[in-house]
Structure formats: C-alpha cells, structure tokens
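Engineer: So the protein sequences, as listed, match chains D and G. All residue numbers for the first sequence refer to our numbering, where the first residue is 1 and numbers rise by one. All residue numbers for the second sequence refer to our numbering, where the first residue is 1 and numbers rise by one.
To be clear, the hints were calculated from the coordinates, so they are not data collected in a lab. Treat each hint with caution, since some may be false.
[As the list claims (entries may be wrong)] Calculated cross-link-like contacts (lysine-lysine; reagent style PhoX-like; alpha-carbon spacing at most 20 Å):
hint	chain 1	residue 1	chain 2	residue 2
1	D	K75	D	K89
2	D	K130	G	K153
3	G	K153	D	K127
4	D	K139	D	K89
5	G	K153	G	K231
6	D	K98	D	K38
Since the structure is predicted, the reported quantities are computational estimates derived from the model, not experimental observations.
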Amino acid sequence: MKSENTNVNQDSISHNAELEIIRVENLHKNFGENEILKGVNLSVKQGEVISIVGSSGSGKSTLLRCINLLEYPTKGKIMFEGTDVLGDKSNQNTYRAKVGMVFQHFNLFSNMNVLQNCITAQVMVLKRTKEEASENAIKYLHKVGMAEYVNARPAQLSGGQKQRVAIARALAMNPDALLFDEPTSALDPELIREVLKTIESVAKDGMTMLIVTHEMTFARRISNKIAFMSEGVIEEIDTPDVVFDNPKSIKLKNFLRV
Amino acid sequence: MFFETVGNILERYGSMFLDGTLVTLYISLLGTIIGLLIGLLIGIVRTIPLSTSGEKNITPRFVLLKIVNFILSAYIEIFRGTPMIVQATVIYFGLAEVAGIDLEPIPAGVFVISINTGAYLAEVVRGGIQSVDISQFEGAKALGLSHWQAMLKVILPQTMRNIMPALGNEFIINIKDSAVLNVISVTELFFVTKTVKGVIYKTYEPFLIAALIYLILTFTVSRILRLIEKKMAGKANFVLTSSNLSADDLMFMEGKEV
Chain D
1 MKSENTNVNQ DSISHNAELE IIRVENLHKN FGENEILKGV NLSVKQGEVI SIVGSSGSGK
61 STLLRCINLL EYPTKGKIMF EGTDVLGDKS NQNTYRAKVG MVFQHFNLFS NMNVLQNCIT
121 AQVMVLKRTK EEASENAIKY LHKVGMAEYV NARPAQLSGG QKQRVAIARA LAMNPDALLF
181 DEPTSALDPE LIREVLKTIE SVAKDGMTML IVTHEMTFAR RISNKIAFMS EGVIEEIDTP
241 DVVFDNPKSI KLKNFLRV
Chain G
1 MFFETVGNIL ERYGSMFLDG TLVTLYISLL GTIIGLLIGL LIGIVRTIPL STSGEKNITP
61 RFVLLKIVNF ILSAYIEIFR GTPMIVQATV IYFGLAEVAG IDLEPIPAGV FVISINTGAY
121 LAEVVRGGIQ SVDISQFEGA KALGLSHWQA MLKVILPQTM RNIMPALGNE FIINIKDSAV
181 LNVISVTELF FVTKTVKGVI YKTYEPFLIA ALIYLILTFT VSRILRLIEK KMAGKANFVL
241 TSSNLSADDL MFMEGKEV
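Looking at chain D on its own, in the form it has when it is part of the complex (with noise of 0.2 Å):
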C-alpha cells in the first residue's frame, strides 16, 4: 500500500506538466465476499503507455473494466480528464465512448460485418453520418490492415483478424484513451504477432493506452511504465527498465522468476 503510494505522488510532481487523462484514487471492487480490488491507485497521463502485469487473479482486468464501468466500483474514484465519472451517472455512455476497450475475446458484433461493427457506435453515440462514418472506419481498417475485408463477418475472420478489426472498432471512436485486456491471450501463438504490431502502431501515434499483458518482452518494449500488480493493488509502478531490472519488492521478484 505504502509502496504504490508514494509512487502515485512522486509521478504527480515529475509530470506535472502533463494532462491527467485517468486517475484512480483508493478503488475497490468486491464481488459479493471477496474484494478483488483493494485500494488501487493509479495516474495515466496523456500519451502514456502505461502494461499491467501480475498474475492471474490479482485483479488487473478488474481494474480494467472497472475503468470503463463494465463493472461498477464498490468504492472510490475515478477522474477522468478531470472529472469525476462515477458522480454523474447521466454521462457514463459518453464517458464509455471516450475509453476505447479491447476485449480478449474481440466483442464483434457477430450480426454485423466488419464495416458495420467499426460504424454503427460512430453514427449511434458520436451522430456522424453514415459516410463520415465510414471514412473513417476505412481509415482505421486500413491502419490495421483490414480494409480488404469490409464486408467479411466475425465468423470468416481468424482470431487475429477479429482482433485487429476490434482495434480499429475502438479508434474510429477517436477515444482519448484505449483499454486492452489482455488482447492477445486468446490468440493461437502465430497470431499473436500481428495484434502485438498492430498496438505498437497505435502506441507510436501517441495513444493513451492501458494494457492489460502477459507479453513481457512486448510490454517492456513499448510502455512508458510498468504496473505490476498483485492481490487487488498496484505493488509496483516504474518504468520497464526498473520494474524489470531492479525490481523492489519481493512478489514482483518471484513473478519475474517464473
């Protein structure tokens, strides 16, 4: 506790400079008796690339989609660009379009092709027209090299495919922010790859990024900083050369080890 603490005021003086997109402050979930998030805080500024790693159970994709109020948090806070998302429950759906999220196991619309997944929230949330719409889901298909596939549905797409197409989904929303969860976990091993580029470009464009890994090369490659996390708290926060190199506390040692 006191650990990730003193992390959170130490980040707040260095990069003070810097807009605050999410900040969570003391955030805890419980499922029914058991408290998966106990106390979690954590600062993202604007264009960090901020990998969570830890071990199964410790509640990182919790925490994850407590951000995007997937799941509603039992107590604290969430800020984000400065405002408090779970006080005014109005504008949760605008704040949901703003947090782009990537799923383990893609959420296509399985009755949508890969057009219509990529503009049906642009036209439904952000009222774009169709043909905006879909200009810039061409955009974005593209970025992820899908274009070819616009009229393909989830079932004819590899998992690879569905994933990256779930990545241009989330852009042509042009969120402030994106959350993967664990995007490559469900992916057989020669996929894996193609995402893992895909979200490195992203990451180069600037992007605020959450993620949510058990790719450790890949998370110490392109993040701003490491979250190591274990029993329902961030343990550890610093940047990948620390986290990994010269790591403090003895449960992120024996994470590293195995």
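Based on these hints, arrange chain G on the given structure of chain D.
Structural biologist: Frame of chain D; chain G shown alone:
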C-alpha cells in the same frame, strides 16, 4: 366408393373448405405475429437490468421493475398453464356477460391466439436474449451504446435468429390448435368440417380432407421457415474488396450483393 365420396364432398363443399382454410391461416398467422410482438416486448422488459450501476439499492426503478416483472410472470404462468380451449371460452363469453363486450368470433379468436402465443414466446424471447453471449453486450457498452441501442442494434437481431426455430414451431402449433376455436364459432377449418359432417352424415371422409389440408399447410410453412432461417444465417463467403475503395463505393455496395 371412398374416392367417390371425397370427390363429391370437394365438389359440393370445396369452397367452404377453402374459406375455412383461409380463416385458419389468417388467425394463426396474425395471432403468431401479434404474439411475437407481445413476446418481444415482455422478453425485453424482463431482461432490463434491475440496477444501472450494479448497486443493490432499492430505488423507485427497482421497485417498479419488480412489480412489472411480477405481473408479467403471472400472465405467462396463467396463459401457459391453462388450455387454450378454456381460455377461448372464458374470454369470449366472459367478456360478453361481464363487460358487455360482444366480440366477433374471428377477432376474438385472433385475440386468444395472440395472448396465448405471447405467453409462450415471452419465455422463448427471454431465453433468446440471454443466449446471446454477454460479450456482445459488453462490446456495445464499451463503445458507449446505451442499453436500448445495444438491444436494438446488436442483441435483438441475434435474438431473432436464435428464436426462429421456436417461432416456426409456435406458428405450426397455432395452425393446428386454432381448431379449438370452433367452440366460440370461429369459422376455421375444423368448424367448417364439422358443419359439412352435419350436412352429409359422413364423419371420417370430411375430417380426412381436413387432416390433409392441415398437413399441407404445416408442411409448406415449415419449408418456408427453413428458407428464412437459411437466409438469416447469412452468406457463407465474402468478397475481398480492393483496399483503395472510397467510402462512397462502400455505401453503394452495401445495399447490393457484391
């Protein structure tokens, strides 16, 4: 001798059989459609989350939904749990005696079939909605779609595909079971057959004709439904589009077979 009798019946009473067949088809088709609308409405209402934020507070919304759900389950239990022939009698004669509402037999018949079908399909729709993977809902919510937008664009189209077989079943059952409406003098196929029997003093021949007509109706309907199901499943393959298509090209293609 047998064929002679059947030929005679058809020659003299053929148009009566035809009229009866049309009435049977009319009330069962209309009853199934209205029943589906009732079922969809109830199914949708019964899957509204009791709370928007995951909190289990007793809000006015919570109480209202509980009451509505109670009324809806009562409706479903009553109409699934009593024979349609009894419902028809109670409604038709009851409305006339108690409320002074003198319904014509055919509208009364449509009414009975509709609410009966609605009770069955409400459960089918609820199951259909619940069988759509939760990831579809989460994908939609993460993009900022509201509960209703997600329902309309993502969940219900998939629900419709899920419930088609059950819906077809219900229609076929209605074609056959509308025969019980003869007790409230709906001039459907069974009623007409009874009338013919009464005139010619022959029993099994007219009913054999009726049986054949019912079989032709149900068989045709089941084939048509199979075709619709196939169409809803979508095309088995897709066409790669050249990757430098503009949005305009796509808009143009969307309405057409490519």
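Engineer: Would you mind marking each hint as holding or not holding in the structure?
Structural biologist: Hint by hint, here is what the structure shows:
| no. | hint | verdict |
| --- | --- | --- |
| 1 | K75(D) x K89(D) | 15 Å, holds |
| 2 | K130(D) x K153(G) | 15 Å, holds |
| 3 | K153(G) x K127(D) | 15 Å, holds |
| 4 | K139(D) x K89(D) | 33 Å, violated |
| 5 | K153(G) x K231(G) | 19 Å, holds |
| 6 | K98(D) x K38(D) | 26 Å, violated |
Violated hints for the displayed structure, listed by number in ascending order: 4, 6.
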